Amino acid sequence: MKKLLILVALLLTFGFVNAQRMYNGSGKQIGRVDGDRYYDGSGRQIGRVDGQRIYDGSGRQIGRVDADKLYDGSGRQMGRVDGDRLYNSSGRQVGRIDGDRVYDGSGRQIGRADGLKKMQIILFFYFYS
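Going letter by letter, the sequence shown gives residues -19 to -1, 1 to 110 in mature numbering (1 follows the signal peptide of the UniProt record, and there is no 0).
Calculated directly from the structure, the hints in this document are not laboratory data.
Honestly, I wouldn't trust all of these hints.
[Unchecked claim] Here are the computed lysine-lysine pairs in the BS3-like style, where the Cα-Cα straight-line distance is at most 27 Å:
id, residue 1, residue 2
1, Lys9, Lys99
2, Lys98, Lys50
3, Lys98, Lys9
[As the list claims (entries may be wrong)] Pair ranges (Cβ atoms, derived):
id, residue 1, residue 2, range
4, Ser110, Asp31, 14 to 24 Å
5, Ala48, Arg77, 16 to 26 Å
6, Gly16, Arg73, 31 to 41 Å
7, Gly40, Gly8, 27 to 37 Å
Quick caveat, the model's predicted, so the values are computed rather than measured.
Cβ coordinates follow ideal geometry from the N, Cα and C atoms, glycine included.
All chains, please: the whole structure from these sequences, using the hints.
Structure (structure tokens):
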């Protein structure tokens, strides 16, 4: 029984580690998230998040999050989040998250997340896609 519990724990642990991925609308993997680090579909690190600050793969700050607003590296507001809806700086809806599905402003599915938290999906949408 003990061996079975250990096996189940290992499977769950490794299953969750490998399940944090982003896919485009065609189902092709375009990235993954491992903790605070973001990777492209080839496995190359393209960024990381440190608290409210967002960095690119070379360590340069490219943005930040302040409550429901997102800012670029120069401090200009680039978007905001209102529930499941994503808006640009002009207030036009540019996306929507429905569970693990990502839609553009016209309602077309443009991606899918597997095992990611909502904020990780949002950051991938605004900064890494």
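Each hint, compared with the structure:
no. : hint                        : in the structure
1   : Lys9 to Lys99               : 20 Å, holds
2   : Lys98 to Lys50              : 17 Å, holds
3   : Lys98 to Lys9               : 19 Å, holds
4   : Ser110 to Asp31: 14 to 24 Å : 20 Å, holds
5   : Ala48 to Arg77: 16 to 26 Å  : 19 Å, holds
6   : Gly16 to Arg73: 31 to 41 Å  : 33 Å, holds
7   : Gly40 to Gly8: 27 to 37 Å   : 32 Å, holds
The structure agrees with every numbered hint stated previously.
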